[in-house]
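*Asks:* Listed below are the residues making up each chain.
Protein chains: 2
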Amino acid sequence: MATTFELGDFVLQGGATLRGAQLTYETYGELAADKSNAIVYPTWYSGRHQDNEWLIGEGMALDPSRYFIIVPNMLGNGLSSSPSNTPPPYDRGRFPNVTMYDNVEAQYRLVTEHFGIERLPLVLGWSMGAGQTYQWAVSHPEMVERIAPFCGSSRCSYHNKVFLEGVKAALTADDAFQNGWYTSMPTKGLRAAARVYAGWGFSQAFYWDRLYERLGFSSLEDFLVGFWEGFFLDDRDPNNLLTMLWTWQNADVGRTPGFNGDTKAALASIKARAIVMPAEKDLYFPPEDEAWAVQHIPNAELRVIPGVWGHFAGNGINAEDTTFIDNALKELLAT
Amino acid sequence: MATTFELGDFVLQGGATLRGAQLTYETYGELAADKSNAIVYPTWYSGRHQDNEWLIGEGMALDPSRYFIIVPNMLGNGLSSSPSNTPPPYDRGRFPNVTMYDNVEAQYRLVTEHFGIERLPLVLGWSMGAGQTYQWAVSHPEMVERIAPFCGSSRCSYHNKVFLEGVKAALTADDAFQNGWYTSMPTKGLRAAARVYAGWGFSQAFYWDRLYERLGFSSLEDFLVGFWEGFFLDDRDPNNLLTMLWTWQNADVGRTPGFNGDTKAALASIKARAIVMPAEKDLYFPPEDEAWAVQHIPNAELRVIPGVWGHFAGNGINAEDTTFIDNALKELLAT
Numbered sequence: 005m006a007t008t009f010e011l012g013d014f015v016l017q018g019g020a021t022l023r024g025a026q027l028t029y030e031t032y033g034e035l036a037a038d039k040s041n042a043i044v045y046p047t048w049y050s051g052r053h054q055d056n057e058w059l060i061g062e063g064m065a066l067d068p069s070r071y072f073i074i075v076p077n078m079l080g081n082g083l084s085s086s087p088s089n090t091p092p093p094y095d096r097g098r099f100p101n102v103t104m105y106d107n108v109e110a111q112y113r114l115v116t117e118h119f120g121i122e123r124l125p126l127v128l129g130w131s132m133g134a135g136q137t138y139q140w141a142v143s144h145p146e147m148v149e150r151i152a153p154f155c156g157s158s159r160c161s162y163h164n165k166v167f168l169e170g171v172k173a174a175l176t177a178d179d180a181f182q183n184g185w186y187t188s189m190p191t192k193g194l195r196a197a198a199r200v201y202a203g204w205g206f207s208q209a210f211y212w213d214r215l216y217e218r219l220g221f222s223s224l225e226d227f228l229v230g231f232w233e234g235f236f237l238d239d240r241d242p243n244n245l246l247t248m249l250w251t252w253q254n255a256d257v258g259r260t261p262g263f264n265g266d267t268k269a270a271l272a273s274i275k276a277r278a279i280v281m282p283a284e285k286d287l288y289f290p291p292e293d294e295a296w297a298v299q300h301i302p303n304a305e306l307r308v309i310p311g312v313w314g315h316f317a318g319n320g321i322n323a324e325d326t327t328f329i330d331n332a333l334k335e336l337l338a339t
Numbered sequence: 005m006a007t008t009f010e011l012g013d014f015v016l017q018g019g020a021t022l023r024g025a026q027l028t029y030e031t032y033g034e035l036a037a038d039k040s041n042a043i044v045y046p047t048w049y050s051g052r053h054q055d056n057e058w059l060i061g062e063g064m065a066l067d068p069s070r071y072f073i074i075v076p077n078m079l080g081n082g083l084s085s086s087p088s089n090t091p092p093p094y095d096r097g098r099f100p101n102v103t104m105y106d107n108v109e110a111q112y113r114l115v116t117e118h119f120g121i122e123r124l125p126l127v128l129g130w131s132m133g134a135g136q137t138y139q140w141a142v143s144h145p146e147m148v149e150r151i152a153p154f155c156g157s158s159r160c161s162y163h164n165k166v167f168l169e170g171v172k173a174a175l176t177a178d179d180a181f182q183n184g185w186y187t188s189m190p191t192k193g194l195r196a197a198a199r200v201y202a203g204w205g206f207s208q209a210f211y212w213d214r215l216y217e218r219l220g221f222s223s224l225e226d227f228l229v230g231f232w233e234g235f236f237l238d239d240r241d242p243n244n245l246l247t248m249l250w251t252w253q254n255a256d257v258g259r260t261p262g263f264n265g266d267t268k269a270a271l272a273s274i275k276a277r278a279i280v281m282p283a284e285k286d287l288y289f290p291p292e293d294e295a296w297a298v299q300h301i302p303n304a305e306l307r308v309i310p311g312v313w314g315h316f317a318g319n320g321i322n323a324e325d326t327t328f329i330d331n332a333l334k335e336l337l338a339t
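Residue numbers (this note's numbering), protein chains in the order written: chain F, 5 to 339; chain X, 5 to 339.
Here chain F stands alone, though its shape is the one from the complex (with noise of 0.2 Å):
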């Protein structure tokens, strides 16, 4: 059972001020009397919290028996506040914008205020959780020890904005839309960005080696309408959908205050031993580019996820990325 944390009056970097924030999160495991056993992982473009379950466990780097592991849902993911559960008059089509340091602002006082938590041994994440992982690195580098991002990156690349243009444009182009005052849910527009996001998701050679029907789909119809529209469909709000994917294009830990649009400088800054997880056919996180950004990290190790599972490498559904995964972060641990 998640629980909720107020934020009360929640100022964002945009200006705007959501009254009566919520940071919905969930825990596993106990906090050590000492506090010194908390780790953050964020969720994901569109996750919840329970969606990141799969790498934690008994016996995993993640082990509730030993850790104190906090799952924050990411703003605008339907579970902490989000267009889809806003009060008027910051609801629905009037959501503000929210960048990845709000989020990580947000979670900042879950974890010191409301648990008192003063260092973190570990911040990780998939995705858009890796964005928030390196965001935590820079903003609050005093108080995280190590940082494993993997299938994300900590600014959003040129090709990363066109590809979520393309998800975007979909969405949006079914009339029932209405500019985000949709009065029945544009079906449509959420199958039509399922379609596009399902190309980017998986790898050429997933597809070549059909490795959907691994997943348990029967063919590659079977995979676009079960697997991708069915995820599309379960309950993901369209205005939350462009929120967290505003909160993406836009995401650079060069924004943070103080570092005045510098990436690299943001990511210099970084005290955080980190080692760095792009999977090796990922089409919008490429392993270049993380190559890029532990150049300019100073304890940084790239590690790149071998194989043909794409982006989803880190989404827990392929066994052999996620021992690679949980091998990576025991020896991140145990440092």
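Keep in mind that the hints were calculated from the coordinates and are not lab data.
Do not take every clue at face value.
Which residues of chain X face chain F? A few of them, derived with a C-beta cut under 7 Å, are [said to hold, decoys possible]:
| no. | residue |
| --- | --- |
| 1 | S161 |
| 2 | H163 |
| 3 | E169 |
| 4 | D178 |
| 5 | T191 |
| 6 | G193 |
| 7 | G205 |
| 8 | Y211 |
| 9 | W212 |
| 10 | L215 |
| 11 | R218 |
| 12 | F221 |
| 13 | K275 |
Don't be surprised by glycine CBs; every beta carbon is placed ideally from N, CA and C.
Given the coordinates of chain F, assemble chain X onto it according to the supplied hints.
*Replies:* Chain X in isolation, oriented as in the chain F frame:
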């Protein structure tokens, strides 16, 4: 000035008859008295004959002072028979499915019946033009001496199909599309399709390096609007786009009559000498797919176009890539 060849009642592979079908084409150079110097160079997805001219010229491999170059417009491109120019009852949303095989049969009739040509020193093409090139070599192995397919494939891969599903879904999400019976242009859908395409047409590294600036675009958004939306709004009829998209998604030389779906057997039947040129960072025709094809063609060489221009390496907008392709064609024609 393009010319039109009357195909008469043209029976398609799928069973429909296109009555009064037309193949519009352009030629460059003079046909030799012995008819030994003809080259066929089909168009690509939504391209028109004039869009192939960048690879034709004095001193280039396709030198019109030496060769007679025929550029046939693909069925569905708006110049040859298409949804937009066919009278009822096979017009617009009712235009029949056209295969790569159909396209090549129409071109074969032009080449043999109209020009009386019996041998082709070379067939070549970019993207779907490469698909037609492969199809020529399989449909008429005794006639085609050399082929140079670049940034294309002999069979549409599963991943490529998925990418196209995204384009199609975005285009048709616009209510104005009205299932093909639009009364005004569904420009919202066309613009959405353009934005989806944008992420695929050029590589991640192309965007990282902001090479769109070299093409004369002042920002990322200017490139999305000025290049991509402009491209899709440049007299591209939605039904035409969907006709060609179907041809592309269903491309497979294995579906040539006699091969019963066996793509490998079809490739093995090719007698032409081939230089196959995928682009290093083409996101929908990745080099691995072409490496696979080359394994099955008796006399084929794989020659990867290096660099970051992705699929558009084969579109004549980057001088280095043009030189690479032209040099390969010169070498191929010299054998």
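*Asks:* All hints, please: hold or fail.
*Replies:* Hint check results:
{"no.": "1", "hint": "S161", "in the structure": "holds, 6 Å"}
{"no.": "2", "hint": "H163", "in the structure": "holds, 4 Å"}
{"no.": "3", "hint": "E169", "in the structure": "holds, 5 Å"}
{"no.": "4", "hint": "D178", "in the structure": "holds, 5 Å"}
{"no.": "5", "hint": "T191", "in the structure": "violated, 10 Å"}
{"no.": "6", "hint": "G193", "in the structure": "holds, 5 Å"}
{"no.": "7", "hint": "G205", "in the structure": "violated, 10 Å"}
{"no.": "8", "hint": "Y211", "in the structure": "holds, 4 Å"}
{"no.": "9", "hint": "W212", "in the structure": "holds, 6 Å"}
{"no.": "10", "hint": "L215", "in the structure": "violated, 10 Å"}
{"no.": "11", "hint": "R218", "in the structure": "violated, 14 Å"}
{"no.": "12", "hint": "F221", "in the structure": "violated, 12 Å"}
{"no.": "13", "hint": "K275", "in the structure": "violated, 27 Å"}
Violated hints for the displayed structure, listed by number in ascending order: 5, 7, 10, 11, 12, 13.
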